[in-house]
Amino acid sequence: MNENLRSVNMSRTMSRMNRHRMNPRRYITGFDGIRTLAVLGVIIYHLMPASLQGGYLGVPIFFVVSGYLITDILLQDILSRGHVRIWRFLGHRMRRLYPAFVTMLLGTTAYITLFQRSLLTNIRATVLTNLVYVYNWFEINHGQSYFDRFNGESPFTHLWSLSIEGQYYLFWPLVIGILMVIFKKRSRVFWFMMIAAGISAITMAMLYDPANTNRVYYGTDTRMFAILLGSGLAFIWPSRELSADIANVNRVTLDILGGASLIAIIWIFFQMSGQSDFTYRGGMLLFTVLSTVLVATVAHPASHLNRVLTNPLFKYVGQRSYGIYLYQFPVMIFYETKVKNIGDHLLLNSLIEVALILIVTELSYRFIENPMRHYDYSRLLVDFKDFLRKPKFNRVTTAIVALTTVLFVITAVGFVQQPSKAEANKKTELQKTIAANSKAADKKNAAALKRQKAAQAAAASSKKVATEKMQTKQAEAKLNSKQKQVEKEYDLKPQVVLAMANTDLTAIGDSVLLDVSSDLQDVIPGTVVQGRVGRQVTEVPGIINSLKSQGQLAHNVLLNIGTNGTITDDQAEQVVKLIGKDRQIFWVTAHVPTQSWQNQVNAQIAKTAKKHANVHVIDWHGRAQNQSGWFADDNVHPNTTGNRQLTNLIANRIAEVNNN
1 MNENLRSVNM SRTMSRMNRH RMNPRRYITG FDGIRTLAVL GVIIYHLMPA
51 SLQGGYLGVP IFFVVSGYLI TDILLQDILS RGHVRIWRFL GHRMRRLYPA
101 FVTMLLGTTA YITLFQRSLL TNIRATVLTN LVYVYNWFEI NHGQSYFDRF
151 NGESPFTHLW SLSIEGQYYL FWPLVIGILM VIFKKRSRVF WFMMIAAGIS
201 AITMAMLYDP ANTNRVYYGT DTRMFAILLG SGLAFIWPSR ELSADIANVN
251 RVTLDILGGA SLIAIIWIFF QMSGQSDFTY RGGMLLFTVL STVLVATVAH
301 PASHLNRVLT NPLFKYVGQR SYGIYLYQFP VMIFYETKVK NIGDHLLLNS
351 LIEVALILIV TELSYRFIEN PMRHYDYSRL LVDFKDFLRK PKFNRVTTAI
401 VALTTVLFVI TAVGFVQQPS KAEANKKTEL QKTIAANSKA ADKKNAAALK
451 RQKAAQAAAA SSKKVATEKM QTKQAEAKLN SKQKQVEKEY DLKPQVVLAM
501 ANTDLTAIGD SVLLDVSSDL QDVIPGTVVQ GRVGRQVTEV PGIINSLKSQ
551 GQLAHNVLLN IGTNGTITDD QAEQVVKLIG KDRQIFWVTA HVPTQSWQNQ
601 VNAQIAKTAK KHANVHVIDW HGRAQNQSGW FADDNVHPNT TGNRQLTNLI
651 ANRIAEVNNN
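Just so it is clear: in the sequence shown, position 598 is 598 by full-length UniProt numbering, and no numbers are missing.
Honestly, the hints are just simulated from the structure, not real lab data.
Everything numeric in this text was worked out from a predicted model, so none of it was measured.
We put the CB at the ideal spot given by N, CA and C, even for glycine.
Each hint can be trusted.
Each pair of labels, with its calculated beta carbon distance range:
#1 Lys315 <-> Asn626: 43 to 49 Å
#2 Glu489 <-> Arg532: 22 to 28 Å
#3 Asp634 <-> Trp267: 32 to 38 Å
#4 Val416 <-> Asp491: 49 to 55 Å
#5 Val339 <-> Thr641: 21 to 27 Å
#6 Arg26 <-> Leu348: 38 to 44 Å
#7 Asp221 <-> Ala125: 19 to 25 Å
#8 Lys315 <-> Ser378: 27 to 33 Å
#9 Lys432 <-> Gln319: 45 to 51 Å
#10 Asn545 <-> His92: 50 to 56 Å
With a cut-off of at most 30 Å between alpha-carbon atoms, the simulated DSS-like pairs for lysine-lysine come out as follows:
#11 Lys484 <-> Lys473
#12 Lys581 <-> Lys548
#13 Lys444 <-> Lys478
#14 Lys482 <-> Lys493
#15 Lys432 <-> Lys444
#16 Lys432 <-> Lys443
#17 Lys443 <-> Lys548
#18 Lys444 <-> Lys488
#19 Lys444 <-> Lys493
#20 Lys488 <-> Lys473
#21 Lys488 <-> Lys478
#22 Lys484 <-> Lys443
#23 Lys484 <-> Lys432
#24 Lys482 <-> Lys444
#25 Lys450 <-> Lys432
#26 Lys439 <-> Lys484
#27 Lys439 <-> Lys548
#28 Lys577 <-> Lys450
#29 Lys581 <-> Lys610
#30 Lys548 <-> Lys611
#31 Lys432 <-> Lys340
#32 Lys548 <-> Lys610
#33 Lys443 <-> Lys482
#34 Lys443 <-> Lys493
#35 Lys444 <-> Lys484
Generate the whole structure from the sequences, applying the supplied hints.
Okay, structure coming up:
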């Protein structure tokens, strides 16, 4: 009887293996449409984050697709041959990904060495960790936040996701073989992977720190759930076992699920901020589940959605999505460094950047990715000898070899010239000024708190002083020597100077606030400064709550926030609500012509002011237009003249509001 059972099992195994040999793997054309959706989300987010605040979620879509396709391929290998051909798989992945990857690393490093040497810091470690696909872990401890779009962005930041995929390609063939041996049935492996995905998502939620998202955003363990969901799908939804011949009710169900998931994904692209707590505590997992449903639907040959996502445009973009993703950041960073008015002509500059990305991608696709993917590497030595004997036999090959050699040499120069740690940490004059102002503001804050109490007691008389009813000569006579100096340096009326001497003010902001803080506290001594370099609006609610709980939030609140990223309607409303209707809010517009979100931030500030009577716009953007002499080299942080102009604007606006 045992012999009969073995015979039956062997027969079933052979039948299954033969069936998988006879059914060749089909190319799922709709996946090009999904890749197009993902890469468009990422590109639009990087170019216009205010227009598509959830576009960064294109990366989890890529993870799900990769997880499904790679696991589907490996399972077919196991079922048709009884084992995974690991070296064949890894060789195929290397031929597909590495040539363009190395080209991008060399080209970008060479450009930095020649034209943008400020980015040479940590260049050796950056390139080497990318080559071995561990850059995401390097980025956690040494890189900037993915959402910090202002402070000297690295053209390599986006490569964290390729490191996670590289780690997956390296270990997954071995892992999947072990799982199949342990669990035997694919359904059991599926449930094991769902548990692992859940643990990954829970880890993200537990490790999430609103002040620093690097650990959860870049970590392999916290991002792996997207790949695991896609991989798990392949165990219960293998492409070769899906039939186009299904009941109509099942076909309709597929289309409804797929269509609903696609609509939900697009909606979330517009809604889910990368700095929201919900994103890391279930939001990204929810989005990834929807992406998995979309992948499952498109993978099924009976689904109409596969045909909807199949067209020449999606095929073109989808097949080049890897290159588009790879080259996007270097093109954007280098272009936006040279063009200083991105925010003033956002659409035009975005179109130019997209065109440049597509040109670079197409050149890479035609002359690097495709040729190297199909090249027989066993002939490498023979072809190299032939090339040395007759180097002019192929002009394209000669040009590529020459260019590659030049890139290697320049990259080596960049490696050698990487600044030391001391040089890298050396601050610019602007950084020194901001750091000094920050320390000075901290020292002055204690005295400012005492003055605020006095200012609140003198509020009634302060209002009288600020009125135009007081004659200028009368007000002038009340000024002490220091106030007369303030009047002269900041071009203020004596009535305004006297009013500011009795004004309580809490100022919350970023590096622009720190830059102007010394002037601000000279003119308004009762100013408590709460500033930090790189601050975004997401931090403001916590600061307000902390100050309110200590009874230290002044009657007048100055917000100088918007330099480092977008401000949504919900975020602005939350800030205004927390400050309260009983306080006056003064919101300074952003002057960041080098960044895409400038106009969105200023439009949001104006919109918020229209909705709330106690919110007042201080139009620094309008005042500073075409005044390049007021700014440091970055055209964002005011210089001495600019700080006086900004302080003048703030003081006059506060006096005007409090006088009415």
